[in-house]
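A.B. asks: Mind docking chain B on chain A? Use the hints.
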Amino acid sequence: MTNLEEEINSTQYIENLIGEKNVKEMVLNQQDKLINSIKIGFKTLFCSKKWLIYVALAVMFLPVIILNEIDNEAGSIRFIHPDETFVDIVFGMLFPILFIFGCLLVSLPLSADEISDHSTELYLVKPIKREVYWLSRWIVINVTVYCVNIIIYFVYFLFVHAFAEKGAFAGIGENLDVFGGVAIFLLLATLIYSGTFLLVGMIGNQGLLLSFILAIFELFIISMLFMSDSPYIPQNNLYEIANAILPDHVDFDTPKDLKLWFAQVYVTIFPIVIIALGAFYLRMREFK
Amino acid sequence: MSKNSNIFDVLAKLDHVTKSFGEVVAVSEASFSVEKGKITGFLGPNGAGKTTSIKMILGLTRPEKGRVTLFGKDPFYNSSLKHFLGYIPEIECFPKWMKARDYFFWLGRFQLTREEAFRRADEVLKEIGLEDVANKRIQKFSKGMKQRMKIGQALIHKPALIIGDEPFNGLDPVVRRNMIDLFKDYTRKYNSTFFISSHILFEMEKFSEKVILMYKGRTIAQGSPIHIREMIEDQPHSIQITVKDSKKFSTLLINNADEEVVSQIKFQKDIRSNENQLVVLTNEPREFYRLVTDLACDHEIPIIEIKATDEGLENLYKSLTIG
Numbered sequence: 003m004t005n006l007e008e009e010i011n012s013t014q015y016i017e018n019l020i021g022e023k024n025v026k027e028m029v030l031n032q033q034d035k036l037i038n039s040i041k042i043g044f045k046t047l048f049c050s051k052k053w054l055i056y057v058a059l060a061v062m063f064l065p066v067i068i069l070n071e072i073d074n075e076a077g078s079i080r081f082i083h084p085d086e087t088f089v090d091i092v093f094g095m096l097f098p099i100l101f102i103f104g105c106l107l108v109s110l111p112l113s114a115d116e117i118s119d120h121s122t123e124l125y126l127v128k129p130i131k132r133e134v135y136w137l138s139r140w141i142v143i144n145v146t147v148y149c150v151n152i153i154i155y156f157v158y159f160l161f162v163h164a165f166a167e168k169g170a171f172a173g174i175g176e177n178l179d180v181f182g183g184v185a186i187f188l189l190l191a192t193l194i195y196s197g198t199f200l201l202v203g204m205i206g207n208q209g210l211l212l213s214f215i216l217a218i219f220e221l222f223i224i225s226m227l228f229m230s231d232s233p234y235i236p237q238n239n240l241y242e243i244a245n246a247i248l249p250d251h252v253d254f255d256t257p258k259d260l261k262l263w264f265a266q267v268y269v270t271i272f273p274i275v276i277i278a279l280g281a282f283y284l285r286m287r288e289f290k
Numbered sequence: 011m012s013k014n015s016n017i018f019d020v021l022a023k024l025d026h027v028t029k030s031f032g033e034v035v036a037v038s039e040a041s042f043s044v045e046k047g048k049i050t051g052f053l054g055p056n057g058a059g060k061t062t063s064i065k066m067i068l069g070l071t072r073p074e075k076g077r078v079t080l081f082g083k084d085p086f087y088n089s090s091l092k093h094f095l096g097y098i099p100e101i102e103c104f105p106k107w108m109k110a111r112d113y114f115f116w117l118g119r120f121q122l123t124r125e126e127a128f129r130r131a132d133e134v135l136k137e138i139g140l141e142d143v144a145n146k147r148i149q150k151f152s153k154g155m156k157q158r159m160k161i162g163q164a165l166i167h168k169p170a171l172i173i174g175d176e177p178f179n180g181l182d183p184v185v186r187r188n189m190i191d192l193f194k195d196y197t198r199k200y201n202s203t204f205f206i207s208s209h210i211l212f213e214m215e216k217f218s219e220k221v222i223l224m225y226k227g228r229t230i231a232q233g234s235p236i237h238i239r240e241m242i243e244d245q246p247h248s249i250q251i252t253v254k255d256s257k258k259f260s261t262l263l264i265n266n267a268d269e270e271v272v273s274q275i276k277f278q279k280d281i282r283s284n285e286n287q288l289v290v291l292t293n294e295p296r297e298f299y300r301l302v303t304d305l306a307c308d309h310e311i312p313i314i315e316i317k318a319t320d321e322g323l324e325n326l327y328k329s330l331t332i333g
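Protein sequences, first through last, are from chains A and B. Under this note's numbering, think of the first position of the first sequence as 3, with each following residue one higher. Under this note's numbering, think of the first position of the second sequence as 11, with each following residue one higher.
Next up, chain B with everything else stripped away, as it sits in the complex:
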């Protein structure tokens, strides 16, 4: 094996990196690497430093201390590296006027020829299940459809490394599963590498080959999902589900799960959207996520959002740092 190929076994790397904004330390002495051909999960509660770490890998912000490399080089002000990079941003940044196909085409043109960009736009629309709305304006799309658009634009040029900042937010369990399958397909077909940040530990565990846990700017654990699972097995998990018919869904949950899977259910309303939410405490998160997906599919109940609560995640990560 040549010297170069060893370098590129690691596609991105943070080496003792620190970054602060004023007096707030966002990332502190963080070290981890993203290996070629793998799906790596990047987990942590809000404010853990995930987005800052991602922005440093993308070359959008610079580390204060330590070294960040992308394909073995400094990513800040290095546009040539971006040819092999796909990015799924957390925040929506769609021009309101653009149609789905046009959006893929114009973004694809930064890396592809005109003909190729047209062809790939249609292919990706099909892959993310939006081919029927290809000529509709993105502003008319639902939150889940917009999320799929964000995923699609990152895949358009079949990049070597795809970095996703909470790419599954706002997706219902079925679409979520489809997107995970799509990621696996890209890994298999095009040898793509995924680096995905998420709140949901047990979802990442299902398809990641490596998991990195971040808490308060530090990498507190990294390794195989089995290793991470062993560390957090005993901790109860608090999960928030936004669903239109919350009463019906809570009844289904209670009727189909034992006390370990659903230990407690609380009802609440989202302050901003006024949508109904359930907050469920579970000791069997893997079983719980499987149950939610099955119930949503069998009873055709649209789930608007599912995520671990900030409070629950905070307790979970705290338990890891304490011991």
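So that you can see chain A by itself, here it is in the shape it has in the complex:
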């Protein structure tokens, strides 16, 4: 052996050391591999630019807001209560119409685009555990979806305050708690939906079926547990939490028997179930 590299990489090295403790420690140290996989994941999402399409779509709604929400008097546009307008935009348009679509779109480069499956195959012939690989992807998608949404929502927050009746950006400091509440709501929504879409995308067609079952579970079965006499499909656990986070701004018609603690437990357990399901799926998965 002329140098250390040759020694490490020669088959003699495997003969002598594989299966021994020191080699296992070197190879089984998954922390560096997790960090590396996270970095690659962020770069993949950032450079594939699917998030830009989502941002562009979200910003395209600004003119709609101007037409629908503003108080247009004598050619000037003014929001009398920018905090309320912002909450209306979030729960009337941004969240129900765009958020879930955004999760799906942003996760595509890691879950279901034309090369994601083959690149997963390539990464899994590297010495990274399947669970670690899945965890890295889950972290990346959650952080990215959250950051992208926070930026979009903050743009809207600035926008409504820029056209506040009391003057540009008047009262923005006082209303930061409203934005904070929305940010907490977004975090919970992100933890629920982005990991789910990543998993569904990776599973493929069967994943779509699974997502329908999940949706039915979320909207019908769980809610029905609390429907004593409601004749309609109620809004879900996230809206119950929104009622608690922003009590002065929203009042969603959730089932009377649905308790806040149950909603909190639900949004906590759901992401944990998704992480476990994803790890299990990838552990068992065969690339055919």
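Just so you know, the hints here were simulated from the structure itself, not pulled from any lab data. Please note: incorrect hints may appear among the correct ones.
[As the list claims (entries may be wrong)] The calculated EDC-like cross-link candidates involving lysine to aspartate or glutamate, where the alpha carbons are at most 20 Å apart (straight line), are:
| no. | chain 1 | residue 1 | chain 2 | residue 2 |
| --- | --- | --- | --- | --- |
| 1 | A | 290 | B | 84 |
| 2 | B | 257 | B | 268 |
| 3 | A | 290 | B | 268 |
These numbers were taken from a predicted model, which means no experiment stands behind them.
C.D. replies: Leaving out everything else, chain B in the frame of chain A:
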């Protein structure tokens, strides 16, 4: 010699392995081994079960029956074994946005330190002849350059075993020869072992120390290239060449070869790429491949792809199974 070293003389092994997908049996009772320090050729027509066998060795799919071992252990869900493994995939899986050097660096970081990964990225780029385009995005590369990138990423950590699924596809004869020399270098310098699947028997014969032939999921023959050559000597070979100036190249072939080397030439167009192709029937495949390489170099004619036709391979392997 210790007990362990005997185990690791064989780096990968399939022992009576069967794998099917639904009703299609991809691999049936296949048995072969990949020995340390050798270049092993893995040959067979499309659908022979080569890729499925490779995926089982890589731990990406599990056998239904039989046993697959990598470094003496079950490779499925065993990430520690992958530290000593390099894989050249058949299908392109490059992130479109990545630059060549970054690609090597990020993949190298799974096994190497930051400094080492940087150093090896530059070294490998030089070895595969892409150092001039190190900072260009991979999506702008030609098919041959992308193929070299796939080879490079498998070599970055100087693995003990490199498994290549059709690694020479899309390479012109000159680059092909350079890559073969590179493999030989790695075997010599780092005692690396190569397990290479290919369509081209007579190319593998030139640098493999062992050849395994697979047909319809079964290993129909294995042994030294001389042994395999004797078995298929009398069979005519049908070879497809994709080349821009097909008329000029066919004229050169006819003028420089006798009837045994070039028995028949047909012109056709690739349906997908609309590129010109020649389909040549030869009774002297070794001589024919040598001639194609010489003519391409001497007359500077870029060859886009060269491979045995599926029909030709099918006939060849059929002849082996019949007798």
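A.B. asks: For every hint, state whether the structure bears it out.
C.D. replies: Hint check:
no., hint, verdict
1, 290/A with 84/B, "18 Å, holds"
2, 257/B with 268/B, "18 Å, holds"
3, 290/A with 268/B, "45 Å, violated"
Taken one by one, the earlier hints fail for this structure only at number 3.
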